[in-house]
Each structure stands twice: as structure tokens, then as C-alpha cells.
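The primary structure of each chain is shown beneath.
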Amino acid sequence: MNLHAKETWYRRLFAVTAFSTLIFLAGIIVTLFHGAWPLFREVNVIDFLAGRAWYPTHTPPEWGILPLIAGTMTVTAGAMLISVPLGVGSALYLYEIAGKEKHFIKPLIEILAGIPSVVYGFFGMAVAAPFIRNFLDLPVGLCAFTASLILGIMAVPFICSLTEDALRMVPKSFREASLALGASRWQTLVKVIVPAAGSGISTAVILGMSRIIGETMTVLMISGGAAVIPKSIFSPVRPMTSTIAAEMGEAAMGSLHYHALFGIGLVLFLMTLLLNITAEFISRRFRLKLGLTQ
Amino acid sequence: MKKIMIFILLLLTAVTFSYAERIKIEGSTTVLPIAQRAAEQFMELHEDANISVKGGGSGVGIAALIDGVCDIADASRAIKQEELDKAVSKGKDPKAHMIAMDGICVIVHPSNNIQQLTRAQLKDIFTGKIKNWSEVGGIPEKIVAISRDSSSGTYEAFGELALNKAKVRTDALMQASNQAVATTVAQTPSSIGYVGLGFVTPSVKAVIIDDITPTKETVISAKYPLARPLYMYTNGAPSGQIKDFFDYLKGEEGSKIIEEEGYIPLK
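Going line by line, the protein sequences match chains D and Y. Here the first sequence is numbered in this note's numbering, starting from 0 and rising by one per residue. Here the second sequence is numbered in this note's numbering, starting from 935 and rising by one per residue.
Derived from the structure by calculation, the hints contain no laboratory data. No residue lacks a Cβ here, since even glycine has one placed at the ideal position from N, Cα and C. One or more hints might be untrue.
Using 20 Å as the maximum straight-line C-alpha spacing, the simulated SDA-like pairs for lysine to any residue come out as follows [said to hold, decoys possible]: (1) Y:LYS1099 - D:THR58; (2) Y:LYS1076 - D:PRO138; (3) Y:LYS988 - D:PRO59; (4) Y:LYS1099 - D:PRO59; (5) D:LYS105 - D:PHE121; (6) Y:LYS1076 - D:PHE130; (7) D:LYS230 - Y:THR1104; (8) Y:LYS1101 - D:LYS105; (9) Y:LYS1101 - D:THR56; (10) Y:LYS1057 - Y:LYS1029; (11) Y:LYS1101 - D:PHE130.
Beyond 10 Å from chain Y on every Cβ pair, some chain D residues (computed) [to be verified]: (12) THR58; (13) MET124; (14) VAL227; (15) GLY248.
One chain only, chain Y, in its complex shape:
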């Protein structure tokens, strides 16, 4: 009888122990690929780690953090004042961790004589106000706009950073991946598209926006207008395995993951 009791007690502690080790990450679909791969590789290194990763969007992630449903909230924007107020009223203390920069590069075919555009011109091109390259100083040819699919994180970021949330023109070609956008632009002389900075290849030309050339440096310093920081929020300063996870993400391995997913690591 005693033996059984001890066994049950052990089992219970084991259950609570493994439950305590479970880390839940939720939020932005832009950060999702980084979180996903970092979690997978972290779990391979730490057998006792148990991390679950979910998308949903920045707002969903932060709401989950405030409600105590997740441990880390992914966000492609800074926390809003009202979210902060709500967190404080629930006794939570959201701490921001900038993990990477997201830079969106506008690309055209290498044969295009356009070197630079202003943000206003870019917006007009992608919302359909400007339809011909001659309107921005190019050769008289119809502009073919190429966009990411409307549910991708890059589309969302582009909409916020370049279009002020205006709608992308209906006749834009929607491609399912950064790679597909780059390939289509490389094959189509009169096209314009946008990809994450990591996807710019020699077969396309990056456009200078508002006099700033998109490079790692201008993106990290946020000088480049189509750049934004990506965050992970925790409740209070991270400790235990969550801290280990952040150390991993900010270390060499994490930077490699961030780079491979098309974002810019901070170092």
C-alpha cells in the first residue's frame, strides 16, 4: 500500500514537473518561422524541454500573454498602450525582447532603369494609382505588380510599412512564397515585387527607397523605411528554461536560423 502511495506521489510530481517545463509561444505569423525552428532545435539540444509554438497574429499573442495562456508572445509590432494598461491591471509585466529585424526589399528586373522610388510612389504603384513606368521616370511600359499572398506575414508587413494599410491593387499577381516572387520578377522585365531582404538574389535589382539603399546595416539601424523590429514578449524577466531559450535565440545558432528564414539578426 505504502509503495503504491509513493509511486502515485512520484507520478504526480513527475507530471507537475514536466508541466512546469512546458513553454508556450504564441503570436505573430511573421515571427512564427523563427520561433518554430528555434524551438525544434532547442528541444533537440535539451531533451527535457517542451515548447509548443502557435501563430495567430501579434494581437492574439499579446492577449494570450496578458491572460497567462502563453509564456512568450511573438509580435511584429511594439505592444500598444492599451495592451500595456490591461497587462498592468492583471498584474502582468510585459518585457520586450527584440530578436531580429524584418526588412522588406522592393525588387525590379535588372534591365529596369529605375534605381529609386519614394515611398509615396511605391504606395501608388502597389495600390494601382501609377500604372505605367513612365510615370516614375521609366520607359513607357505597363507595370506588373507582384505581391505575396494576402495571408502571409510579409504581405501584412508590406501593407503596414509601405501602403499605410491601403489595399493592394486587384490585378497584382499574388505569389505563394518569397522565392516565387523573386523568380517571377527575374522573369518579367516590367514587374515590381517585394521580398524579405534575405531573398534578394543577383537576378533581381533592389530599389532604393527614399534615398536609402536596403542593406543589413540600414535595416538594423531602422534607417531604411521598410524595416521593422520583431519582438518576443515575456511576463517579467525570463528565467529558467525560457531564459535559456532566449540565450539560444540570441546566440550564434539563433542568428543562423533568423538569417535562413530571411530576417536580419541583430548581431
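So that you can see chain D by itself, here it is in the shape it has in the complex:
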């Protein structure tokens, strides 16, 4: 009886903790919509999303966030080009090739994940940006390319460890069957293991992407901050996150500017939500494909 009562209590306790996350999520969604609502009463959604000029403090103000969305997209795309090959490559190495060295490479990669983003930003601003400016002979080092490079490196440990998990989830029998049929290690890896882990790897990539999109401090410090649709990857950009971070402190509470920043937050939230739903969908298929229960 006593034991039973205890069990009921535990069950309740954990239900509360689990549902509290839901409450936070709901709270954040409500706050975002509530905060952004006054803006959309005065500014057309299309003008907001597709407008090309962001002059929130000018009279009359302009509320176009297309340059900010373009900034986020450019930086994210660039960062993916760096982090996916590096992340997936190091995961394949750790999974297939690494012997003893795995015991120090893996912790080292994980240390990379533990570095605070402001330190990455500082490194980018003080070291990477001047170097890239000199090396590529650019007018300015704070640009989408530098931001992509640093964000790409930041996302490597994330993508690497998720990819490695996906590879390890492939049942041993797949591998044994392939080798028994006379396939070489390379053939087994490329034709059996990676395709089997494919959706798991896609999930890793997508989650890495939503992390890059949400990164704030680093891009604030090194992306340059020009609210203009970039002509190339070497143009300075102003991603959505850094706009919110830079302007929220000084926007008068309750002003249209303040609500517009909530609007940007809402767009950002919907973008990452879409990515996370896609990731969840793919990973569910992945588990089914491997014959694992959901």
C-alpha cells in the first residue's frame, strides 16, 4: 500500500515536470503572438515580411524584415556548407576508422561545444575578421562569410555527435550481413550503414541548422550588422537574432518598434519550429525503417 502510494506520487511529480515544459512553451508562444499583435494591426504582414527597408527609429519608420531574413538565410546556408561536411565526416571517422584515438578526439570535439558563444564571437571579431579581410582583400572582415565560418565551426560538435548516434543505432546485423556477403568495409559503410542511418543524419543536420539560425551573440559580434539584402557572401548582413538583441534594450516598451521586434521573434520561432517538426518527422521514419519501435 505504502509502496503503491509512493509510486503514485512519483508518477505525479514527473508528470508535473513534463507538463511544466509544455506550460513554458505555451507561455512563450502566447507572449510572442501577444507582443507581435499590435504591430500587425498597423503594418501589413506582407509589407513586414517582404519590405526591403528596416528603419525602425526613422520618421516615418519602415518595417521591412526581408533583409534580416536574407541575412539569416545567407549566414545559415554558409554555415551548413562548413558544418555538415566537417560534422558528418568526423562522425564517420569516429564510427568506422578511429581506434584508440577516439578516446581523446571525441572529448575534444565536445569541448568545442562547451565554449560560450560570446567567446566564439570575440575570437571572430578580434582574430578571424581581420585575418579574412587581409587574406581575401575585402573592404571589411565583418561579413556573412566570417559569421558562416564561425557558426559552422560552432555547429560541428552538435552535428557530429548526433550523426554518430544515428550511425550507432544501425543494428549490428546490417553490418555483419553486408560483410558476410563479401562487401569491403568501405562498401559496407557507404552502401549499407550510411543509407540506413540516412534519416538520422538528416535529423542531425536539420537540428544543427535550427541551432545556427537561433545563434545570437556570435552573429551580433561578427556579421557586420548592415540591414541590406546581401549581394554576395562577403557582404555584411544583419540576421534576425542580432537585430532583436541589439535593439530590444533601447526600444521604448510598448512602442511599435518594440512590437516589431516581437514580430521578428515570432517569424524566427515559426522558422525553427518548421525545421524541428521536419526533423521529428524524418527521425520517426528512420526508426521505423530500422525496425525499431517508435
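For this one, chain D is given, so just place chain Y on it according to the hints.
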């Protein structure tokens, strides 16, 4: 019963007393850092002082003063005639106290051969009309304009003093602090930026504007074109603790705060 009555009476006087001592400051975000730090340090010295400081902008501050909602209005501009008329109609008597000068220095990389610019050239550079240094007598290289974030007080001041409220070009790099602007300019040979006079370091070069070199003296005398006085307005002559606060702000400690926040004290 009597004891309780006395106690309540005491409590009430205590409440009204502490309420009367509360000083409310509101207004310009440019003056905000000075007011904030001065208030903090003043409260440390005077335990009975209770000062609250809010931003909002010069117009908001002056409106609050007229409505009697605040005691001190911060303003980065002089009061307008219509505001004055409104104040008089409400029986208020706004008194200006100049507390500091705000001088904005235009900076370039030390290797840049440009020594001086006119205000018109400066405006054209920051609005994007002039895109190359060769157009103002420099080497043929693209100009990289560096600006403060659009919600900062320095941006606002620069917009008013240098750009006549025109828009800063869209491809300008917006930096989150005076320090970040100075660092970026120091690292970028073809760049031009602007910072408060207090943030000029040896790693950047200050540009002469309309033949006037930005120095403390030219800013205080308002000879330098990108300079403006910062005010605090009170209703009537300040008295009591508000007067003490002004004495503190205009004294040595206050000057130190003003200097540390990147502005120019009047003495």
C-alpha cells in the same frame, strides 16, 4: 487604542515623507546613462534619497515634466516653443540646466589620407551618395560606413547633427556600442565611423569637420558642428534633494561620471 492611533499616524507620515523624497527622472536616452549612474551613486551617499530613472526620449521626458509626472526631464535638445506654451498653460515653469556637452567624432583608419571633410560630404558619405574615397580626395577605394544601432542615442544625435534626419545608407555596418564602432574602424582601412568624443583612441583618426578639429574645447564652445548640449529640465528652480542632486552632478564626482560615459563635462 490611542497607541494604535499614534502608530498609524506615524506610519502615514512616514509614508508621505518617503513619498515626498522620491525623485523621478525621465527622458532622453542620450542622457540616460549619466542620470542612471549619478542617481545610483547619489543614493549611495544619501540613504534617504530615492531616485527612479527612465528613458523614453526627450519629448516623453518634457511631456512628463509638464504633466507633473516626473521631477527632472532629461533632454538632448532645448525645449520647443509649443512645449513651453503648454507648460505655461498648465502653470509649470520649466528651467533648463545644461549638464554636459555631447560631441560626436567622425573617425577613420589611421592609414587613411583624408584629414578633413565638410558636413555636406559627411552627409553624402553616410547617406550613400558618395561611395568611394576618391570622390572626397582620397585613394580610389570603396567606403565602408560604420554606424551605431538605430535605437542608440548616438545614432539619433548623429542623424540630427550630421544628416539632417536623412536615413543612414542601408549597407552601413550597424554596431552595438561606441567601442565596437571604434574597434571595427581600427581594423578596417577603408572605413568611416562615428563615436562619442570620449571613445576616440590612438588606433583611429579623428576627422576635422568644416575646418574645426573635435576637441574638448571646440565641443564645449559648440564651435564644432557635431556638438550639442545635454539638458535636464526642472519645474521652477530646484530645491531640497533635487538641488543636492544637481550640485552633485555638477561637482567633481558628476563630471567624472559624465566623462566616463563618453560625454564632455562643462568644467
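Each hint, compared with the structure:
Proposed proximity of LYS1099 of chain Y and THR58 of chain D is supported: the alpha carbons are some 9 Å apart, at most 20 Å. Between the alpha carbons of LYS1076 of chain Y and PRO138 of chain D the distance comes to roughly 7 Å, so the proposed pair stays at or under 20 Å and holds. Restraint check for LYS988 of chain Y and PRO59 of chain D: not satisfied, since their Cα atoms lie roughly 24 Å apart, outside the 20 Å limit. A C-alpha spacing of about 11 Å is found between LYS1099 of chain Y and PRO59 of chain D, which places the hinted pair at or below 20 Å, so the restraint holds.
Of the pairs offered as hints, the one joining LYS105 of chain D and PHE121 of chain D is violated, with about 25 Å between alpha carbons and a cut-off of 20 Å exceeded. Of the pairs offered as hints, the one joining LYS1076 of chain Y and PHE130 of chain D holds, with about 19 Å between alpha carbons and a cut-off of 20 Å not exceeded. The hinted pair formed by LYS230 of chain D and THR1104 of chain Y meets the criterion: a straight-line CA distance of about 13 Å does not exceed 20 Å. For the hint pairing LYS1101 of chain Y with LYS105 of chain D, the CA-to-CA distance comes to about 50 Å; that exceeds 20 Å, so the pair is violated.
Of the supplied pair hints, the one linking LYS1101 of chain Y and THR56 of chain D holds, its CA atoms being roughly 10 Å apart against a limit of 20 Å. Using a Cα cut-off of 20 Å, the hinted pair LYS1057 of chain Y and LYS1029 of chain Y is violated, with the two alpha carbons roughly 34 Å apart. Distance restraint check for LYS1101 of chain Y and PHE130 of chain D: the Cα-Cα separation of roughly 32 Å exceeds the 20 Å cut-off, and the hinted pair is therefore not satisfied. THR58 of chain D, annotated as away from the interface, has a beta carbon of chain Y within 10 Å; the closest lies near 7 Å.
Not every C-beta of chain Y lies more than 10 Å from that of MET124 of chain D, the closest at about 7 Å, which undercuts listing it as non-interface. Interface exclusion of VAL227 of chain D from chain Y breaks down, the closest Cβ pair being 4 Å apart, not more than 10 Å. Non-interface status of GLY248 of chain D relative to chain Y is broken: a Cβ of that chain comes within 10 Å, the nearest being about 8 Å off.
In the structure shown, a violation is registered for the earlier hints numbered 3, 5, 8, 10, 11, 12, 13, 14, 15, in ascending order.
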